[in-house]
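Undergrad: Bring the two chains, given one by one in their own frames, into a single complex with the hints.
Here the protein sequences come in this chain order: A and B.
Those letters in the first sequence? Residues 7 to 249, per this note's numbering, in order.
Those letters in the second sequence? Residues 4 to 191, per this note's numbering, in order.
Because the hints were derived from the structure by calculation, they are not lab data.
Note that CB positions come from ideal geometry on N, CA and C, so glycine has one too.
Take the hints with a grain of salt, since some may be wrong.
If you want the ones that stay clear, here's a sample from chain A, every Cβ over 10 angstroms from chain B, calculated [what the hints assert, rightly or not]:
(1) 67
(2) 140
(3) 218
(4) 246
Chain A stretches covered by chain B per the calculated footprint, using a threshold of three residues with CB under 8 angstroms from any CB of chain B [as the list claims (entries may be wrong)]:
(5) 21-28
(6) 49-61
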Amino acid sequence: MTHEELRDSYELYVLGAADAAEDNEIRGHLARGCEICTAQVKRARWMAAALGQLAEPAAPPARLRRRILASTGYEQRRFGLAPFLGAALLMALFGTFYFSGRVRDYATLATRLDGELRGATIELTRLREALAIINGAETKVLTIGPEPQCKVFVNPEQGVLLLAANLAQPPAGKAYEMWVLRRNKKAPLRAGTFRPDSNGSAMHIQRGAVNGNDVAAVAVTLESEGGSATPTPPLLIVAPFAP
Amino acid sequence: MAIHAAASDRALAARLQRRDPQALAELYDRYGRLVYSLILRVVRNSGIAEDLAQETFLRVRSRIQGFDAEKGAIAPWLLAVARNRAIGHLHAAAGRRRNVLKFEEMDDPALAMEMERDNLNPETARAVKAAMEKLSPQERQVIELAYFEGLSTAEMAERMGQPPATVNTWVRTALQNLRKDPGMAIPA
Chain A
7 MTHEELRDSY
17 ELYVLGAADA
27 AEDNEIRGHL
37 ARGCEICTAQ
47 VKRARWMAAA
57 LGQLAEPAAP
67 PARLRRRILA
77 STGYEQRRFG
87 LAPFLGAALL
97 MALFGTFYFS
107 GRVRDYATLA
117 TRLDGELRGA
127 TIELTRLREA
137 LAIINGAETK
147 VLTIGPEPQC
157 KVFVNPEQGV
167 LLLAANLAQP
177 PAGKAYEMWV
187 LRRNKKAPLR
197 AGTFRPDSNG
207 SAMHIQRGAV
217 NGNDVAAVAV
227 TLESEGGSAT
237 PTPPLLIVAP
247 FAP
Chain B
4 MAIHAAASDR
14 ALAARLQRRD
24 PQALAELYDR
34 YGRLVYSLIL
44 RVVRNSGIAE
54 DLAQETFLRV
64 RSRIQGFDAE
74 KGAIAPWLLA
84 VARNRAIGHL
94 HAAAGRRRNV
104 LKFEEMDDPA
114 LAMEMERDNL
124 NPETARAVKA
134 AMEKLSPQER
144 QVIELAYFEG
154 LSTAEMAERM
164 GQPPATVNTW
174 VRTALQNLRK
184 DPGMAIPA
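Extracted from the complex, chain B is given alone in its bound form (with noise of 0.2 angstroms):
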């Protein structure tokens, strides 16, 4: 996954409310692998992985002219509507449309407003796994089931088989130790 400048990931957002054709194919090369890998890694099927693929670009070219390059950084906004097309897949085909219409809601491209900074180089993506090697199996679990599929801490105690209270702490702890490690500060 490359480091692209911000400043670069605002040229090419403006381009795209300009329908400048080539920008789709652009946004594409930077971030179709991330996306594709993240979609992947929750649906776990490659013909599906496609499918929400195409939708999450689509849906950013759609989306596009409500998003404000100045204040928000394209691509995490990207990965999040990445990540709530396959969660939303996840909860429908479990029939959970409550979850499916709030996972909808959550791509609004203001929601990435105040993203003030790209956080997705390298760096950051070995700091973050570094960061959950050291939690403990059990909140390395509640944080995956979280972030890959979106349960709420009762959905994961029903999921393993563990009391609510005991998941929770699982929850709150992790997160905790999270936001204490050295490599997840955000940049000043």
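Bound-form chain A, shown alone (with noise of 0.2 angstroms):
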């Protein structure tokens, strides 16, 4: 196809509704690093940019926002005068209800669930990165094993994430903590302190981007609880790194 027969594809393109021919022609057009079809593409995007503003505006409920934050494991810190509105409130309650053993008994199953919904959120959430990383393009998976049976992930823009069982408890007081071990005699990097469950499994994700040429071995050394600013000898978990 010319670009003349192109010329009305482009937004349909960058859409995602071009029939099939049109989408591969502009793909092999793009992949070829043609500039005319760069050019098209980046207007269409513009022109799609501000489709995007037809919707008609609609107001999200408040717990969307607290929702979101809370699936990234984050809670609030700053919020103005609403601890002192919301405890004047929850006071203003409180002495409605005194009396009421019922409200007490609900107030603390709320809050038990509430606790649940959001462990479910985060682990959901981590679950998904990890997800993520095991499924990017770029990543490259290290096996280690058979005792402790380890893989490691590592993609460089998301991170490296790390999945083990049979790991022995580690002592009171102490973790487990994953090094990103560089070449050069440059420093490791610190990915951050895990413990396993129960049965031994962990998973834990150092999330953010790593050089991979950088990069000579991820390691595991036991620390004491707050991490170590250096590794530990001895090593219990290495996976040489390959970029």
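TA: What follows is the structure, given as structure tokens:
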């Protein structure tokens, strides 16, 4: 197809609404670095973004914000007057219903359910992040075993994921710490502490970009619970990394 | 929808990349309403819209490291992710798995790299609405089917019960008219 024939196809391509033939043709041009198609797609993206404002404004429920922030494990700290107003409201409610044991029972139940929901939401978010690393096109997989059995996924854009089984429970006051060991005698990067569950399984994520060319290995040591500035020998797990 | 300076969005993207916990809250405060409105328009169900809005913000947060704030604008990318989540949901519900994968692929932050100018502001919103009102009802309908449902011209023809050639003409004419509209000119 010529550029003239493709003239009205770029917007559809950008919207994912082009027919297969147009879609493949534009992809081919872009893959070859076609300057005309690159400019047209850029223009079409501008129009597509503008079309996004055609939706009638709708107010999201207030809970959506809380829900999104809770799912990232973020607790708001800057409330302004909200906590004082909230506290005043709670005190008023408490005074009104002080003698009603049922209210207190419901409040306890709500608090517990809220805590459980929050925990489940955070865990779901962690699983999503882990899946994103596992499914990343650039992800490299390192396998170590058999005892402990361990897989490490390194994605240059998203971070490092460690999945381990048969890990011994660390002694009281101790935790495992993951490290990114770097080439050319550069200092190891701390990658967070973790503890296995009661079955000896662990899923630990270190989020953030990793320079794959710089990584020599991913390692795990046993450290005090707060972690250590440098890895304390011995290295319990070492997964060598080839960029 | 308030105007937000591109520089401010760049700083916000950088904070998201540093995992500043307050940054996601600010991103939501700036664009949560726009994202939710768009998703609700596509799926027409407030419960599903909430789920998909949550997915949108988490997806942007998880893929922010691949985003270059110096070359791209975060708001159009966020909106593209929202649209793709919502349309992906529609296509999944209709059993069109191939289309779902296509919309997943379109979430790539690299696709937002060439978006030099943040065009999400009240002026552009008014301009695009005015330009749409100048289209014929059929032309307006096909643009809405493409944008809000991600339908190809063949799928639109089937939906509208019209010959594909006729729908194709409406689509081409609508796009040409939108491009020619003075309000839709890309600022220099």
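Undergrad: Is it the case that residue 67/A keeps its Cβ farther than 10 angstroms from each residue Cβ in chain B?
TA: violated (7 angstroms)
Undergrad: With d taken as the least Cβ-Cβ distance between residue 218/A and chain B, does d exceed 10 angstroms?
TA: holds (13 angstroms)
Undergrad: Verify this label for me: residue 140/A is non-interface relative to chain B, using a Cβ-Cβ cutoff of 10 angstroms.
TA: holds (12 angstroms)
Undergrad: Examine each Cβ of chain B, and state whether all of them lie more than 10 angstroms from the Cβ of residue 246/A.
TA: With a cut-off of 10 angstroms, residue 246/A remains clear of chain B, as the shortest Cβ separation is near 24 angstroms.
Undergrad: State whether the coverage of the region 21-28 of chain A by chain B holds or is violated, taking the criterion as 3 or more residues with Cβ-Cβ distances under 8 angstroms.
TA: Check passed, 5 qualifying residues.
Undergrad: Three or more residues of the region 49-61 of chain A near chain B by CB distance under 8 angstroms?
TA: Per the Cβ count (12), the hint holds.
Violated hints amount to a single one, hint 1; each of the other numbered hints is respected by the structure.
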